[in-house]
Amino acid sequence: MRMPIVAFWVLILVVSSSPLQAAPVDHSGHAASMQTAEQTAGHDHMQMGNGTTNATHSMPADMANGDHGAVTPGQHDAEHMVPDGSAPGLGGHVHKEPDASAPVASIDEKLGNIIPQGIMFKDETGQMVDVRTLMDKPTIIAPVYFSCPNVCNILQSSIARVLPQMSLKPDAEYRVISVSFDETDTPELAAHRKKNYIAAMHNDFPPTGWRFLTGSKESIDRLMDELGYRFTRVDKDFVHPVAIIVTSPEGKIVRYLYGNNFLPFDTTMALTEAAEGKVGISLKRIVSYCFSYDPQGRRYALDIMRVAGFVVLFGVGVLFLILSRGGRKPRK
Amino acid sequence: MASEHQSALSFFDRQPGTSGGITSWIFSTDHKRIGIMYLWGIMGFFIVGMLLGFLIRLELIAPGRDIMDQQTYNVMFTLHGVIMIFLVVIPSIPAAFGNIFLPIQIGAEDVSFPRLNNFSWWLYLTGALLALVSLFTGNGPPDTGWTFYVPFSSNVTTTNVNVAVIAVFILGFSSILTGLNFVTTLHRLRAPGMTWTRMPLFCWSLYATGWIQILATPVLGITVLLIFAERVLGVGLFDPAKGGDPILYQHLFWLYSHPAVYIMILPAMGVISDVIPVFARRDIFGYKMIAFSSVMIAFAGSLVWAHHMFTSGMSDTAVLVFSFLTFVVAIPSAIKVFNWVSTLYKGSIYTDPPFWYALAFIFLFSVGGLTGLILGAAGTDIHVHDTYFVVGHFHYVIFGGLGFGLFSAMHYWFPKIFGRMYNSRMAKISCVIIFVGFNVLYFPMLIMGMQGMPRRYYDYLPQYAFGHLISTIGSWILIAGLLLMFGNLIRGAFKGKKCGSNPWGGASLEWQIPSPPPHHNFVTEPVVDRGPYDFRGVERDECD
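Residue numbers (the working numbering), protein chains in the order written: chain A, 280 to 611; chain B, 21 to 564.
Treat the hints with care, as some may be off.
Simulated pairs of lysine-lysine, DSBU-like, Cα-Cα distance not exceeding 30 Å [stated by the list, open to error]:
#1 K515(A) to K389(A)
#2 K496(A) to K608(A)
#3 K518(B) to K448(B)
#4 K496(A) to K474(A)
#5 K518(B) to K389(A)
#6 K262(B) to K608(A)
To be clear, the hints were calculated from the coordinates, so they are not data collected in a lab.
Bear in mind the structure is a predicted one, so any value in this text is a computation, not a measurement.
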């Protein structure tokens, strides 16, 4: 019994002493990653400049420049993790004011902002409606334009794919609003688009659950301003961010979800957070405690620290209970 | 009287039917033998750490280079810190005296997990040997300071940080398993009649310490593994270029290292709580409050770690919260000090060496504690952070506090362990010399720190030269006193007058068994019907 123990410790000593005199890993990757950020920044500018030819290419919000309100320095979206010098001012580009000629497409996050009443839009039936009345449940707002040849379809198709996979009940527990920021869009066009997306969900979706709104330039500007959604018209098309905004039943902006690829989980999480003002515990609410929003990665991530902390505390509690209830060890 | 016990076999002697020899010690599962082995290790490393401190002070006696270059100096203070903290102070009272006396004080035969206890000692030995290995191989021992702050320790230094942190990792497990052992033992193995409120307060302090060891030390373990991963795999957890944060390291490190100082001080306070009543011949004032305050210190002390990081760039809210909590954790410590002093009131004082060291503890720990408040108040901390004020503060609490607690424990319990008494007069003289040397060494540091002398600096401006000179002279006085004390204790342990079972007239269970204790602690299981500080009918058993 003893020889293996001694041999084990000798082995530990031998193994741990010699090969581990290494100097730390060379971090020359640092210089390279900073370069990438600069290149990306340059690339951005080039793309912007070519607005006319590439007009329909909408920038993911996080790749855009401009005065971001709550921008995080790590400028990678969920798809391509472009490493960059994430110290502010390194890869992040700070511009004093946007170039007059360069189109602006960005999100100025206004978390906590309450959308005011009285912004009127026409829904897909042509009826005038106050946007706030549609937002009396947790709401997903998707700013799009209905003649968008490209990414707005992808965005809304993504929504259409995700909604059936969510465990929440549409219209009863949440709503979706696609609102056009193109003042030339008409309710007929809106209705046409709606038909497509409801069909994409096998017509298994309550029609009042997803509304398609069009409006005047004034209403559009007002609503987009409240949302912090900045876009620029380039002839008949737009340069605009790709994102959805989640609001609470009181009209408060709760979450921005970026990109055009949504996970059912992320959207459910966002809506559950939005509903938080209400009474009643649901399993989702408990799960939401274990997950927290990661602003850097712009998605929900399992908060391992929190979960592990609870596991440890629970384990300690169990240990203490066993010890104090265990009583004296019976003497042999 | 004392000679009656000479014929009985002590735990030092070879047990009949066994071969004896070194394997009966290093593989022993007897808590007393394990405690002795820890004791020798701790005393040995204390001498090593003391020598390192001596050399550091020698270098600092005058500005400029005196006996070593900058790199060597950095290595010196790193090693002094690592050895003193991980190899001496953290294991000292729990692993040595706790192992020997905890089971006896509660009337048990051994701890709950004797083989795990032996394994803990082997982990201690392995960690110590690995730390020694780091001294002599590769690029030399680490120069990062005992705190191993990143990015220096993860990205820059080429010294043996890898080996050193693995040594710390292994030592951490020694600590965790000891803590687990003690907590379980206290819950399960108390003798009949030994209720929670009849335990000596030393046991209560070991209980609180055990919980901290179990909960906090794993954090250290993972933190040092992360340093290792940074260095070897380039993971990037602490590297902003890869999305990491060096402040994360500081949080993780201090999340253990602040509770660690409570692992250090709580057992020492437990010793003082045991010693003072014996030499005042009075029941302790406020037993339940002292027991409760031990647990409170353990709990509240786990919430204050970021007071080491006030200048790290944390938010003001965090600074405010941690500063407030630091003030809160001072309260239970103060309760203890007041209770000890109240115990002395109207007591019948016996001025033996353990009592001298205990009094010195109370004074020096109070000084250290008060300077801690200056550091805990965020505003004043800005001025003194990372200066010699901090160095003075922690030496007052760790050395003045725990150190003197350890010396008190040695003088109190060596006659029990070895069955022989040291020279009392020499012990008292050593106490005075150590006390004087200690204050001459560390008080100027408090002043220099206020005046702006930074810590860990190899060289300094001429305006601090006088303070450093006084401090170094103090270190010589201190070392002289320490050598005198150790010499006296060791000579007393082997050649002193033989002692009976109760030279001090203590009322706890260890004083009712022979000195040195036999292999099996109790002939029959004791039934406890009185408190640990109930001195009615308890007589001193004077040594020959």
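Now the hints, each set against the structure:
1. K515(A) to K389(A): holds, 28 Å
2. K496(A) to K608(A): violated, 81 Å
3. K518(B) to K448(B): Holds: K518(B) and K448(B) sit about 20 Å apart, inside 30 Å.
4. K496(A) to K474(A): holds, 25 Å
5. K518(B) to K389(A): Between K518(B) and K389(A) the Cα gap is close to 82 Å, so the pair fails against 30 Å, i.e. violated.
6. K262(B) to K608(A): Distance of about 53 Å is beyond 30 Å: violated.
The structure shown violates the earlier hints numbered 2, 5, 6.
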